[in-house]
Amino acid sequence: MTYGGYTNKGINSAITRFIRNHQKDAWVGDYRSYGGAANYPLLGGYSMKDFEGWQGRSDYNGYVTNLFAHDVMTKYFQHFTVSKWENGTPVTMTDNGSTYKWTPEMKVELVDAAGNKVVVTRKSNDVNSPQYRERTVTLNGRVIQDGSAYLTPWNWDANGKKLPADKEKMYYFNTQAGATTWTLPSDWANSKVYLYKLTDQGKTEEQELTVKDGKITLDLLANQPYVLYRSKQTNPEMSWSEGMHIYDQGFNSGTLKHWTISGDASKAEIVKSQGANEMLRIQGNKSKVSLTQKLTGLKPNTKYAVYVGVDNRSNAKASITVNTGEKEVTTYTNKSLALNYIKAYAHNNRRENATVDDTSYFQNMYAFFTTGSDVSNVTLTLSREAGDEATYFDEIRTFENNSSMYGENHDTGKGTFKQDFENVAQGIFPFVVGGVEGVEDNRTHLSEKHDPYTQRGWNGKKVDDVIDGNWSLKTNGLVSRRNLVYQTIPQNFRFEAGKTYRVTFEYEAGSDNTYAFVVGKGEFQSGNRGTKASNLEMHELPNTWTDSKKAKKATFLVTGAETGDTWVGIYSTGNTSNTRGDSGGNANFRGYNDFMMDNLQIEEITLTGKMLTENALKNYLPTVAMTNYTKESMDALKEAVFNLSQADDDISVEDARAEIAKIEALKNALVQKKTALVAEDFESLDAPAQSGEGIENAFDGNVSSLWHTSWNGGDVGKPATMVLKEPTEITGLRYVPRGSGSNGNLRDVKLVVTDESGKEHTFTVTDWPDNNKPKDIDFGKTIKAKKIVLTGTKTYGDGGDKYQSAAELIFTRPQVAETPLDMSGYEAALAKAQKLTDKDNQEEVASVQASMKYATDNHLLTERMVAYFADYLNQLKDSATKPDAPTSSKGEEQPPVLDVPEFKGGVNAAEAAVNEVPEFKGGVNAAEAAVHEVPEYKGGINAAEAAVHEVPEYKGGINAAEAAVHEVPEFKGGVNAAEAAVHEVPEFKGGVNAVEAAVNEAPEFKGGVNAVQALVNEKPAYTGVLATAGDQAAPTVEKPEYPLTPSPVADAKTLEDKEEKLPATGEHGSEAALFLASVSIALSAAVLASKRKED
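Each residue of the sequence shown is one higher than the last, beginning at 1 in the UniProt record's numbering.
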């Protein structure tokens, strides 16, 4: 009963059934809710259930029950032809949105070629009586079915031929428990008959029954099939798993006698899963248990793969080992960490298919091996080390495979791992499917090249489905899910504890940041939000087609956690795709919602600090180029990334990780601009809906999910009411219809927006066309809305005016364009500085220009940086010492003393805001820094008069040498006449690649990553190293002899320690103050270091 609605359930013609009952199977089945002929057809009908995975159906017990409850009697009747058909009186039925009259069949007579007569009679003509759904069946006047129970003869073999007398049988089945009495045919009326319970092991539990007065009484289990014979029977000899290289690959024989067992054999047994699927279980063993069997039928000198499904609920090691006689390969897993979401797999995570406890962690565990010249003694061993909890094995498969993934070799082993997806053994190895769709026929699959149709350019296609070769790993349309798409597991690739690996792959992505590369450890907790989201390290990936003619390459560094359960994968973020104005089929086909991967490589490396900084920069530069975040949150990130770009080449791993951690905290604190209302903006969403297709789906940014009213219809004209948490300005509605089909597409619409004062603003639309293109209602003004009511008064689809639906309801918010950076002050300062003639000054100007160019080219420039560089240039003067700075000295000479004119002006002709710089005790470039005293500073930046600075005594060096002791002027001015933004760093409690990091104070984080509804652009806590995305080279810039950039921001622990010394400005730990303080020190140190080098 799988396909179509109630109008598509087979042939319901009584005339056709009368004529062709013995010839066709496609009769209406018993599906009561569909009414009419489907409400208990008297002659039965085909009822389909299966157990081999089609559409996720793996319920073996359900299959058996359905077969005997429905199909046995239906097929019995089809051994006869209909000779007479009597209808009853019409009855009234109400279903599927209508009430109607139906005339049921009440009695049908059938005969066969031998003259046997079957009469089928409905027990009641009253549709409201339970007996309407019961029948009595007689064969030559003898009852063979009465209501819920039947004892029906079956005298044909599988080909319809008559059985010999000693093989004739009767099937017994009763949907209810209780005793039933039956009259047997006269030729069965001997003294004894033999009853067998039917199971997956054949005929079992033989009972010898006495026939008395030609009758027997049966008191047996409900919904359990039995068979009755006149003589004793035996089961045929089974040959399990022929051609599969091993005997009984699925443990279906019910015995382990073909295995050689070492260790405590009593702890290895065959049990059934919740889905009645036999499995090997090893549990409670005090020593290692191994089961070994020969692999047969293998070819000499041939490459093979073998796998076994394993669900390990224990921390004890479970292994698969192949010994070819010349070599042994083995793979193991500890406790399983990935649930199974494959709908076609018998051990998936549905309750009816689960292993135990309503869950299944079954995943395949592989061994790749090559046979030698002698294949007579190749063995397979399954083993489990000592442990109390259970390990389950099932479904062994051995097959030829030509992959070469391990250091260019086929056999499981060490070396650089490479997967080009051209010779995948099964599935998406080394990945397994995540829970992004739940248990489903997944959209993630191996995509085969069919040039030109699968490649860029065909019909506007933006990305290649296949990146290289004939196959790539493709994910279709799973954007905005906030869930895991796929991941590695330790049994497929093991990131060993404490070792660092470079992970690279080529990828195609249709939109920015809809998918992310993630690093995790342990079981991914999809139900948790925010920082609890499996402690993911997340790297969003930019699109690959707007600035590139081919796929991009991504590179990441991953260090194995001490727990040994590190994994990597691809995650669907909460970000929406950008379909560039396309919709429906075009948006789907052109790849805006897709992600493809190819040429995966995982290589163990020796980590350096420079590797970390270069990879981090490559990862962050695409982020800082984005325009969908607020200026305040993005500026802080830009400045930190700029600082990182100037790190020394010999920076230590620890220092690099510390600096990157600070940047990642700023990245996680990015605030996305709001262009439209999202689900979190609403206090309540109330609309008629089909289960699972609520109105919230219209605000999830995913055009693949729908708001759809009840499939039964009748909801046109019923309002969808949306109440906002607080009045919010909106300017219009964009209605995005479903991508395919027409059911519920809005035609006429009434939209009422109630503003904060209670005034209603009403908009009506008529005759929107029936297509999947977005439709707009422009308010022509901005309304501060408190409540929105949308009503589809006419709609398209089957029958018309039955449903309402939407892929997205986008209520647009007013947008204010950002003001471009004011470069006039810098340009004036540069023009003035370029007139200087001293060589030192000319070099300084060139260095500033180089740094400005690098910042500009890489979208790193901020207002504060522009103002600082302008101020620096303004302080340059011929025949005068450079601006205040510490200097580097290895000798005993005294530093120069600079007399600088007093500066009392403001910033950009306005008085600057008052900020005070906290005492600075940190280091420059990861070295111990000097202790500075802060003299009063009364001037501003970019003013005509230069500041008066006294040069402090210089006693130290720069860059890991002794630092100078100098005085820093008090800073009371602002930047660009505005208070510097206050940026707080979110709490960071994790380590960087398993190294503990500093504890930082943080604001509360209430967002989530893995929830169905989460804040816009939420990000999980950072717990690992930074990495790279995009195929551009690491950024380089012509650097001066010294870093002409801010040094990395002092760590938050230092700021916390100094908090009591901060002036009462209301800007505790201000990023503006930190930036200006650190950049002043770095630039000043650079100037004097350059001078010292010449001396």
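Hints listed in this document are in silico derivations from the structure and should not be mistaken for laboratory results. Hints should not be assumed to be uniformly reliable.
[Unchecked claim] BS3-like cross-link-like pairs, simulated, lysine-lysine; straight-line CA separation at most 25 Å: (1) 414 - 203; (2) 449 - 499; (3) 117 - 162; (4) 835 - 674; (5) 288 - 418; (6) 24 - 161; (7) 461 - 317; (8) 327 - 286; (9) 781 - 802; (10) 461 - 123; (11) 272 - 286; (12) 673 - 549; (13) 327 - 418; (14) 169 - 117; (15) 673 - 499; (16) 853 - 835; (17) 286 - 449; (18) 75 - 212; (19) 101 - 117; (20) 203 - 272; (21) 718 - 673; (22) 718 - 786; (23) 117 - 167; (24) 317 - 267; (25) 674 - 781; (26) 267 - 299.
Values in this document were obtained by computation on a predicted structure and should not be read as measured data.
To see whether the hints hold, each was checked on the structure:
| no. | hint | in the structure |
| --- | --- | --- |
| 1 | 414 - 203 | violated, 50 Å |
| 2 | 449 - 499 | violated, 36 Å |
| 3 | 117 - 162 | holds, 17 Å |
| 4 | 835 - 674 | violated, 46 Å |
| 5 | 288 - 418 | violated, 33 Å |
| 6 | 24 - 161 | holds, 19 Å |
| 7 | 461 - 317 | violated, 47 Å |
| 8 | 327 - 286 | violated, 29 Å |
| 9 | 781 - 802 | violated, 33 Å |
| 10 | 461 - 123 | violated, 62 Å |
| 11 | 272 - 286 | holds, 23 Å |
| 12 | 673 - 549 | violated, 29 Å |
| 13 | 327 - 418 | holds, 22 Å |
| 14 | 169 - 117 | holds, 19 Å |
| 15 | 673 - 499 | violated, 39 Å |
| 16 | 853 - 835 | holds, 20 Å |
| 17 | 286 - 449 | violated, 52 Å |
| 18 | 75 - 212 | violated, 30 Å |
| 19 | 101 - 117 | violated, 31 Å |
| 20 | 203 - 272 | holds, 18 Å |
| 21 | 718 - 673 | violated, 33 Å |
| 22 | 718 - 786 | holds, 20 Å |
| 23 | 117 - 167 | holds, 22 Å |
| 24 | 317 - 267 | holds, 15 Å |
| 25 | 674 - 781 | holds, 18 Å |
| 26 | 267 - 299 | violated, 34 Å |
This entry does not satisfy hints 1, 2, 4, 5, 7, 8, 9, 10, 12, 15, 17, 18, 19, 21 and 26, going by the numbered hints stated previously.
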